[in-house]
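Number of protein chains: 4
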Amino acid sequence: MIVILKPNTPEERITNLVHWLKDQGLGTHLSTGDFHTIIGLIGDTSRVDLDLLTTLDIVESAKRISDPYKLCNRKFHPEDTVVQIGDAKIGGGNFAMIAGPCSVETEEQIIGVAQAVKEAGATLLRGGAFKPRTSPYAFQGLGAEGIRLLLKAKEATGLPIVTELMNAADLPLFEEVDVIQIGARNMQNFELLKEMGKLRKPVLLKRGMASTMKEMLMSAEYIMSEGNSQVILCERGIRTFETATRNTLDLACVPLFHQLTHLPVVVDPSHATGISDLVPSMSYAAVAAGADGLMIEVHNDPTHALCDGAQSLTPDAFAAVAAKCQKIREVIG
Amino acid sequence: MIVILKPNTPEERITNLVHWLKDQGLGTHLSTGDFHTIIGLIGDTSRVDLDLLTTLDIVESAKRISDPYKLCNRKFHPEDTVVQIGDAKIGGGNFAMIAGPCSVETEEQIIGVAQAVKEAGATLLRGGAFKPRTSPYAFQGLGAEGIRLLLKAKEATGLPIVTELMNAADLPLFEEVDVIQIGARNMQNFELLKEMGKLRKPVLLKRGMASTMKEMLMSAEYIMSEGNSQVILCERGIRTFETATRNTLDLACVPLFHQLTHLPVVVDPSHATGISDLVPSMSYAAVAAGADGLMIEVHNDPTHALCDGAQSLTPDAFAAVAAKCQKIREVIG
Amino acid sequence: MIVILKPNTPEERITNLVHWLKDQGLGTHLSTGDFHTIIGLIGDTSRVDLDLLTTLDIVESAKRISDPYKLCNRKFHPEDTVVQIGDAKIGGGNFAMIAGPCSVETEEQIIGVAQAVKEAGATLLRGGAFKPRTSPYAFQGLGAEGIRLLLKAKEATGLPIVTELMNAADLPLFEEVDVIQIGARNMQNFELLKEMGKLRKPVLLKRGMASTMKEMLMSAEYIMSEGNSQVILCERGIRTFETATRNTLDLACVPLFHQLTHLPVVVDPSHATGISDLVPSMSYAAVAAGADGLMIEVHNDPTHALCDGAQSLTPDAFAAVAAKCQKIREVIG
Amino acid sequence: MIVILKPNTPEERITNLVHWLKDQGLGTHLSTGDFHTIIGLIGDTSRVDLDLLTTLDIVESAKRISDPYKLCNRKFHPEDTVVQIGDAKIGGGNFAMIAGPCSVETEEQIIGVAQAVKEAGATLLRGGAFKPRTSPYAFQGLGAEGIRLLLKAKEATGLPIVTELMNAADLPLFEEVDVIQIGARNMQNFELLKEMGKLRKPVLLKRGMASTMKEMLMSAEYIMSEGNSQVILCERGIRTFETATRNTLDLACVPLFHQLTHLPVVVDPSHATGISDLVPSMSYAAVAAGADGLMIEVHNDPTHALCDGAQSLTPDAFAAVAAKCQKIREVIG
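Chain order of the listed sequences is A, B, C and D. The first sequence stops at residue 652 when you use our numbering, and every number in between is there. The second sequence stops at residue 652 when you use our numbering, and every number in between is there. The third sequence stops at residue 652 when you use our numbering, and every number in between is there. The fourth sequence stops at residue 652 when you use our numbering, and every number in between is there.
Think of the hints as simulated: they come from the structure by calculation, not from any bench. There may be inaccurate statements among the hints.
Copies of the same chain look alike in the list, so a pair counts if it works inside one copy or between any two.
[Unchecked claim] Once the Cα atoms are required to be at most 25 Å apart in a straight line, the calculated DMTMM-like pairs of lysine to aspartate or glutamate come out as: (1) K450 / D370; (2) K450 / D376; (3) K450 / E474; (4) K394 / D596.
Treat the numbers as computed from the prediction; the structure is a model and nothing was measured.
Model the full structure from these sequences, guided by the hints.
Printed below as a string of structure tokens:
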């Protein structure tokens, strides 16, 4: 870490700061220029509060040189992490196709979708039982009953299941769930992340709407620092000024995450765009960008007035998307 | 709610949609123009999923006319909510000056600050015991011991205390805490909001970094719909492309919230800017914009090398700010 | 256009507004609900100022139903526009590979790059002669001399050239330039757009850093409404809170633009990311998303200390990217 | 400027880079740590392209220590700039109240408003003759005739006038205009800025919708580096995800600009919010934040159905706002 002091900082203040830094177990290296003095910090700076340093009146700016994330950092773990879920693998050249409905509704529905997406090439089944909703008056999901139905669909098809957890108190219900999803709104719910770290089960961590890539890595680090190394990162769009799509899908994070971390990266084009017509194109783009998996909404009931135009694809449309994604993967290599 | 259909939507699809809407207990009113058909929905549309409707392939767009928030809506409760906390009041013309250190460190420190800010005009004491930190390796606060020290400071000064809760499991520790703060990262932690709704204690709800004003009102509605009407809204800056300040303080939300809701609105200029030099100006601006209170970081220990330049004001500087704020309130009326 | 009035708007105010709208040559259709009155506007609403209407005190909100862009709207021109530039074509299934250095530096450099990128599959040569720079003290490009060198490279290779114009007064210098680029900072320089409309030459219009897709279409409309229909849209990233990349590449605009407009859409992954390592992945993603072309920085001088790590690719790296893009295009179909 | 190299950068590459930097006339100072080598640059680094350096493959990051803006920098010119316009002054403790309609419509209108706002305390008259409009089909202002009418209003009231220029070719029409406004969309129209630099007339420079404060200072520097030091900065809101207001007014820029630059800073609450109800509160907030002036839309014709609810205040409402602003200024001191 480098701390750049303001011009004309009194000698005494510099000495005080250096002492304070040394008290925290850090070595320091002073470099005095014509205008600025620069303090280089040596040692484990991960506990140093960058924000606090920056707000000191004698500090012009401070800058980390080494990354504050360790366990998820590719520098220290050059090999790709491969997360194994039943027969499915994600990462290290293994691609996961996660598909299913937004919400679990009925046994017939979820088993029907599960069979259809399995047929079409899905390797995991997704479906919401506990749904985060902006409004307290909106349908909040089937809850425990939804989990039960998902497990029935797993039993019927053999597909491992991914579903969202919002409350650590619900963990007992998730015992047979294969992958626990932490939603965008909880990406910095640090207490929940710590609980995830105590599990020995894969966690799919969605990017927060206003979260930088580095913050997302720090959230993965929360889980890993508690002992759970099976973390899957999921890009699902960030919030910007553009309103033509629900969020702005930030695909550059795929190759950048692959540089910074060894964790697998999947992309959710359904939530990112909120427009089913755009899901195929953005799925192809995500695969071409190097994603280790996709998470796509698929719905199987075209006879319902509401659903036949929703953001979900039909199983047939999904099958076509999955086939083309496979071909793009072959080109990308 | 108004649903605008795409041009040339087949009659049959319109009929299906109307039936589906009626099944949800809504009346409908069709208006057929040259190009577009518009469906007006009559009845309680708060349970209708606007996002889902919008993504239907026959829907051009959908638009709420009535607000989805009810309990916090000024239309239905024209009178200002006044939150009473010990001797302090917030809202309805009552101004709260909440001051204290970022983190509780020692008994001496917190009692010292508490006495100093009380002297300078503070009506509530703030201080962090449980600290949300981006990094798992950063200091996470004193926890239970921090709460204990805050309560000592309350005992010593009579100031009611405000402190952040991150985990519902910690609630027993907060029994004597006067106001529970829900931080920006948990503004859409709906499970935690529901727990807050079960309390009979004021909750200070901070705006999420990527949250719109309407979403913040929906989060307040989560708390209120569970029975707790003592909610205080707190603007603390939103995340934008500007990096010169830590966040961008959105002061227009103060008068806008006063139009939309009867809840009191306080402003936190310390976290919003991250620069102590800007705190006085932004405090004055917040008061001039009509804020019902301020939440300001104050630190009392100018002998520590680290602290004398931090984003906190000294008690003396705070006293000067508080005095000027009072004068501006007199002008604003 | 639909105008939703506030509850309890006095009859007289409604009548006044309807008269004012009629004075502007619009038909109106009133629909009176339990709470709200809705005015539907019939006729050419493209001249109506939506912002002004929205700010009227009796108006709850107003919403366009028909698109304000006409000439670039796919609804009215279902066929793809194909822009022909020498032997190159863009749009309607024709792909353009635009490559070259950020800035024109010397005759040797630009001819060298031109030959190398032609060899590697480029169909157009790019290079900056007039450079928009944040700082007045930064190198502003070779100007007229840069144009002269680009024309030499065109002569040597037969590649048509694309280069940026910042000032209409420089137009005489651009007579032999094949495609005029309007940069992101000038996307809403309406006076310059009008000048572009008077030309009979293709214009490559880059998206503004804070511009929505709809605003970009309106800027294209400025050019087209003056008579020039040869407009190429170029996505180059938008400004968001994320700082890991220079901008956030918004690839969802590719399929969405293809729905909304018949104009071709190219993508510039070099400027969007600012990181040369990410350019290949984002090029593949753009092609997979359906882009009609790419605009990639290529530099040919690996012996210069400065350049061998810059955001430009080498010709060899570019050739590999171009080949893989071609294969992805075959998969996408 | 400091350049931090990646770990394990080969000696030879470092030597190359140092040579290249020296070729540009810069001194260098190498500091070799355990992991990173840091190069400190000595001399005039304002011409160094930070973006280019950052994208070199051996560079971890680069950071300016000295500001790239010189002429507008308070460090080098500690005294406030006072811009004198007729009898009005802005900056250095002098407050300007700029008021008038959005667009000039008729002689009667503009003279009427001018008289009313002068009466109410305005010191300058604003009014649009050339209007930047997103749509080519929207009313583009009265143009030359609008300028003529503004000058009539100036003659009638003695108020100096402020109006927007969009095209340097129109400059002859602006000879008697007192202050030329450069709009948000042209803040980085560098060619236009250079033309403004050749004038000896005050320029009011509005902040671009996606422009950082530092970029705005660089745009002011463009004007000043051509010889015109009479620049007034104008905050008018930035573009964020929040849609409840038209833009997000970033008032923290007022005190921050006052630290960074000696130029006066005015605030436009009308365009920032787009909601007339919020203009009074945001005017008070801007004054409390230390603004050197306000720019407020005022319209005088309450008999027109359209106008009596628009984002403009009436002259009476404006008079009340102006009076309260004056009182807040007295408190702020």
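Please name the hints from earlier in the document that this structure breaks, with their numbers sorted from lowest to highest. none
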